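2 protein chains.
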Amino acid sequence: MARIVQKFGGTSVADVDHIKAVAHRVKREVDAGNQVVAVPSAMAGVTNKLVDYTLSIGGADDTGEYDVVVSTGEQVTSGLLAIALQKLGVGARSMLAWQVPIHTDSRHGRARIMDIDRDQMEKALAQGQVPVVPGFQGLCPENRITTLGRGGSDTSAVALAAALDADRCDIYTDVDGIYTSDPRIVAKARKLDKITYEEMLEMASVGARVLQTRAVEMAMKHGVRLQVLSTFADVAGTLVVDEDEIVEKELVSGIAYSRDEAKITLVAVADKPGVAAAIFGPLADAGVNVDMIVQNVSADGKATDLTFTVIEGYLDKAIRVIEEKRQDLGYSEFISDSNVVKVSVIGVGMRSHAGVAQRMFQALADKGINIQVISTSEIKVSVLIAEEYTELAIRSLHTAYGLDAD
Amino acid sequence: MARIVQKFGGTSVADVDHIKAVAHRVKREVDAGNQVVAVPSAMAGVTNKLVDYTLSIGGADDTGEYDVVVSTGEQVTSGLLAIALQKLGVGARSMLAWQVPIHTDSRHGRARIMDIDRDQMEKALAQGQVPVVPGFQGLCPENRITTLGRGGSDTSAVALAAALDADRCDIYTDVDGIYTSDPRIVAKARKLDKITYEEMLEMASVGARVLQTRAVEMAMKHGVRLQVLSTFADVAGTLVVDEDEIVEKELVSGIAYSRDEAKITLVAVADKPGVAAAIFGPLADAGVNVDMIVQNVSADGKATDLTFTVIEGYLDKAIRVIEEKRQDLGYSEFISDSNVVKVSVIGVGMRSHAGVAQRMFQALADKGINIQVISTSEIKVSVLIAEEYTELAIRSLHTAYGLDAD
Numbered sequence: 174m175a176r177i178v179q180k181f182g183g184t185s186v187a188d189v190d191h192i193k194a195v196a197h198r199v200k201r202e203v204d205a206g207n208q209v210v211a212v213p214s215a216m217a218g219v220t221n222k223l224v225d226y227t228l229s230i231g232g233a234d235d236t237g238e239y240d241v242v243v244s245t246g247e248q249v250t251s252g253l254l255a256i257a258l259q260k261l262g263v264g265a266r267s268m269l270a271w272q273v274p275i276h277t278d279s280r281h282g283r284a285r286i287m288d289i290d291r292d293q294m295e296k297a298l299a300q301g302q303v304p305v306v307p308g309f310q311g312l313c314p315e316n317r318i319t320t321l322g323r324g325g326s327d328t329s330a331v332a333l334a335a336a337l338d339a340d341r342c343d344i345y346t347d348v349d350g351i352y353t354s355d356p357r358i359v360a361k362a363r364k365l366d367k368i369t370y371e372e373m374l375e376m377a378s379v380g381a382r383v384l385q386t387r388a389v390e391m392a393m394k395h396g397v398r399l400q401v402l403s404t405f406a407d408v409a410g411t412l413v414v415d416e417d418e419i420v421e422k423e424l425v426s427g428i429a430y431s432r433d434e435a436k437i438t439l440v441a442v443a444d445k446p447g448v449a450a451a452i453f454g455p456l457a458d459a460g461v462n463v464d465m466i467v468q469n470v471s472a473d474g475k476a477t478d479l480t481f482t483v484i485e486g487y488l489d490k491a492i493r494v495i496e497e498k499r500q501d502l503g504y505s506e507f508i509s510d511s512n513v514v515k516v517s518v519i520g521v522g523m524r525s526h527a528g529v530a531q532r533m534f535q536a537l538a539d540k541g542i543n544i545q546v547i548s549t550s551e552i553k554v555s556v557l558i559a560e561e562y563t564e565l566a567i568r569s570l571h572t573a574y575g576l577d578a579d
Numbered sequence: 174m175a176r177i178v179q180k181f182g183g184t185s186v187a188d189v190d191h192i193k194a195v196a197h198r199v200k201r202e203v204d205a206g207n208q209v210v211a212v213p214s215a216m217a218g219v220t221n222k223l224v225d226y227t228l229s230i231g232g233a234d235d236t237g238e239y240d241v242v243v244s245t246g247e248q249v250t251s252g253l254l255a256i257a258l259q260k261l262g263v264g265a266r267s268m269l270a271w272q273v274p275i276h277t278d279s280r281h282g283r284a285r286i287m288d289i290d291r292d293q294m295e296k297a298l299a300q301g302q303v304p305v306v307p308g309f310q311g312l313c314p315e316n317r318i319t320t321l322g323r324g325g326s327d328t329s330a331v332a333l334a335a336a337l338d339a340d341r342c343d344i345y346t347d348v349d350g351i352y353t354s355d356p357r358i359v360a361k362a363r364k365l366d367k368i369t370y371e372e373m374l375e376m377a378s379v380g381a382r383v384l385q386t387r388a389v390e391m392a393m394k395h396g397v398r399l400q401v402l403s404t405f406a407d408v409a410g411t412l413v414v415d416e417d418e419i420v421e422k423e424l425v426s427g428i429a430y431s432r433d434e435a436k437i438t439l440v441a442v443a444d445k446p447g448v449a450a451a452i453f454g455p456l457a458d459a460g461v462n463v464d465m466i467v468q469n470v471s472a473d474g475k476a477t478d479l480t481f482t483v484i485e486g487y488l489d490k491a492i493r494v495i496e497e498k499r500q501d502l503g504y505s506e507f508i509s510d511s512n513v514v515k516v517s518v519i520g521v522g523m524r525s526h527a528g529v530a531q532r533m534f535q536a537l538a539d540k541g542i543n544i545q546v547i548s549t550s551e552i553k554v555s556v557l558i559a560e561e562y563t564e565l566a567i568r569s570l571h572t573a574y575g576l577d578a579d
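Residue numbers (the numbering used here), protein chains in the order written: chain E, 174 to 579; chain R, 174 to 579.
Hint data in this document are derived by calculation from the structure and do not stem from the laboratory.
Be aware that a few hints might be false.
Since the list can't tell identical chains apart, any single copy or any two copies may satisfy a pair.
Below are the BS3-like pairs computed for lysine-lysine, each with C-alpha atoms no more than 25 angstroms apart in a straight line [claimed, not checked]: (1) Lys-260 x Lys-193; (2) Lys-260 x Lys-367; (3) Lys-222 x Lys-260; (4) Lys-498 x Lys-193; (5) Lys-445 x Lys-193; (6) Lys-222 x Lys-193; (7) Lys-540 x Lys-296; (8) Lys-475 x Lys-222; (9) Lys-367 x Lys-193; (10) Lys-296 x Lys-367; (11) Lys-361 x Lys-422.
Model, not experiment: these values are computed from the prediction.
All chains, please: the whole structure from these sequences, using the hints.
Quick look at the structure:
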């Protein structure tokens with residue numbers, strides 16, 4: 174007997190028929206002798222509608238009320254899924270966050286889970302029942318409803334799995350797993366059987382948005398085995414696990430990309446101590462996250478060019494900051510460019526292998542693709558290139574690292 | 174300073190713009206120095222949609238889950254109304270039934286309020302805040318959500334008014350008060366400034382569905398002064414109060430009617446003790462409520478005709494029972510007719526005046542309208558007539574009792 178948390182995304186519970194199908198998925202695990210806790214999202218589109226209501230009133234100053242409104246989507250699907258399970262003869266009952274309770278802090282709209290009381294759920298599980306716990310919501314010390322921020326249902330599921338010492342947390346979604354690259358671009362992309370938490374985090378943060386970063390971090394911290402799989406196809410998914418569980422590590426597990434990047438170059442910045450702080454301090458103060466940074470060594474020791482990237486949506490804000498601080502920064506001009514894409518090769522195997530970055534640079538050079546900025550981490554190499562080369566670069570790298578399916 | 178509970182019906186909170194308008198209504202009372210508790214219904218149509226969800230899953234065996242689903246409509250409008258009030262500078266916060274708490278029994282889907290804890294609301298009121306409490310919902314001893322049955326928001330509002338010793342409970346709806354008769358039929362119908370609880374109950378039970386009968390009963394029991402008024406028109410409404418508050422009592426306050434009636438006549442029933450019990454016992458067992466009953470004295474002392482009315486929707490069921498019990502009842506034949514209407518004149522003043530019924534019979538006779546069945550109570554005279562005479566009868570009676578507007 175295993176204990177499994179099954180989380181179902183918005184497209185998986187999009188309407189009553191989908192909820193019935195989800196109930197069959199739960200029943201199958203129960204019939205196999207497993208204990209199941211089900212965690213539904215809101216029906217696809219419902220949370221957006223509820224958020225729109227609050228916005229069209231003028232936006233919620235009191236985010237506590239925002240939470241009262243937007244948390245109802247998951248409450249509805251939880252009640253409906255419990256009914257659907259009962260119709261299949263599976264004992265089930267909904268447990269809202271205030272009933273479990275799932276204790277969070279008081280940061281409405283973006284609360285963090287502090288503690289989950291497992292007693293009610295254990296009692297139901299011991300009676301052979303399926304607790305249906307709505308994702309996304311919690312209860313703060315002031316006895317009010319909180320929500321965990323968009324996509325918080327993944328986090329709810331992982332937190333419940335950790336609290337209940339579950340054997341696995343299955344994340345049902347509309348894709349059937351994690352691929353070596355975006356299948357819309359790379360026809361030969363392969364589904365991965367397993368991937369490490371670290372790789373999944375890098376994949377997510379560079380644009381492969383299947384799992385919430387926060388949920389993966391929590392799973393890694395608590396050693397929760399995650400599985401990403403499709404509600405709609407009856408095939409095995411991808412397991413996200415600890416590195417120890419993967420015996421034969423691939424050199425590179427996947428090629429990810431993000432079009433959501435913009436590049437700024439400050440020309441002829443003074444080459445002296447404190448300049449970087451003078452630039453990136455005000456940007457951080459303005460809430461602009463800087464990603465990649467490159468500073469060349471200056472030829473004359475006096476002035477240098479400084480290039481960095483920001484999320485494209487923050488480009489205007491970043492430019493405003495740079496213009497305001499022109500006097501302090503003392504650059505001669507700045508150049509911005511949002512026609513760029515960040516392409517990354519990711520793999521825990523590269524820790525123990527040299528030459529991974531070199532293979533990337535060579536593959537891109539062979540196609541005549543110019544690299545504008547490079548950044549590396551222990552398990553990732555990222556390059557910034559012109560956006561027009563996106564598909565060519567990704568496909569070439571996919572082949573170069575031997576990831577293509579037969 | 175007065176303490177007022179303001180309840181807003183589904184059409185009053187039908188969308189975000191309506192909710193903003195409702196917030197202005199609340200603000201006006203607050204600005205006048207009053208303490209206000211606001212009780213919104215769900216947006217018009219939303220509860221039906223939620224009920225449909227549960228039905229299309231196959232109907233909720235576990236009505237606890239039904240309540241989890243359908244109670245979300247009021248939760249949404251409560252959060253939105255709190256936001257809208259805050260936007261107008263009015264301190265407000267939603268308090269769901271489990272937060273107040275509003276304690277009910279455990280009869281999911283049709284729970285009864287047992288006790289309301291006033292502490293949280295008193296605390297908010299003392300701080301100059303408006304508690305926004307969703308109608309229709311409660312919390313049962315098992316710590317689960319309950320609902321009070323359709324139209325339960327009126328009941329919630331009256332119960333809150335009683336618990337908080339409110340000076341008044343204002344029921345905002347899409348009509349601006351209680352009229353002497355249905356304005357769609359009687360162009361000269363007048364809005365009543367005041368009406369007694371007893372009259373309101375009779376008006377409601379014979380088809381003038383503005384207030385839930387249950388809410389009026391509760392208001393009468395606890396002496397809560399009710400006001401029915403329009404969200405959309407800025408005019409005084411109708412006060413529903415104790416008889417003592419009405420100095421000059423009208424002989425007749427209104428003419429009500431119900432088309433939702435059907436008549437059954439059993440021909441040649443044995444005229445002996447126990448026959449009525451033999452007939453109405455099985456009907457009651459089958460859940461069929463019988464309203465008016467007439468039994469003639471038999472000429473020969475052996476057989477008589479027995480006529481009674483039921484709600485039209487129960488006619489088929491009633492006929493089935495009668496056919497099944499044919500042997501026991503020993504009638505020669507039965508006749509059913511659903512082309513009938515019940516017309517009632519209502520007024521507490523008739524307690525102290527004779528001749529009210531006579532005036533009714535005369536007015537109908539003058540128009541050539543045949544009376545099929547008569548029933549009377551202390552403050553009501555009802556007659557059953559052919560449905561085709563509905564409008565003629567109501568208008569004639571309205572004039573006969575001097576109710577016509579100038």
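Status of the hints after comparison with the structure:
{"no.": "1", "hint": "Lys-260 x Lys-193", "verdict": "within (9 angstroms within a copy, 41 angstroms between copies)"}
{"no.": "2", "hint": "Lys-260 x Lys-367", "verdict": "neither (35 angstroms within a copy, 50 angstroms between copies)"}
{"no.": "3", "hint": "Lys-222 x Lys-260", "verdict": "between (29 angstroms within a copy, 20 angstroms between copies)"}
{"no.": "4", "hint": "Lys-498 x Lys-193", "verdict": "neither (58 angstroms within a copy, 43 angstroms between copies)"}
{"no.": "5", "hint": "Lys-445 x Lys-193", "verdict": "neither (65 angstroms within a copy, 58 angstroms between copies)"}
{"no.": "6", "hint": "Lys-222 x Lys-193", "verdict": "both (23 angstroms within a copy, 17 angstroms between copies)"}
{"no.": "7", "hint": "Lys-540 x Lys-296", "verdict": "neither (61 angstroms within a copy, 71 angstroms between copies)"}
{"no.": "8", "hint": "Lys-475 x Lys-222", "verdict": "neither (55 angstroms within a copy, 70 angstroms between copies)"}
{"no.": "9", "hint": "Lys-367 x Lys-193", "verdict": "neither (29 angstroms within a copy, 52 angstroms between copies)"}
{"no.": "10", "hint": "Lys-296 x Lys-367", "verdict": "neither (33 angstroms within a copy, 55 angstroms between copies)"}
{"no.": "11", "hint": "Lys-361 x Lys-422", "verdict": "within (20 angstroms within a copy, 87 angstroms between copies)"}
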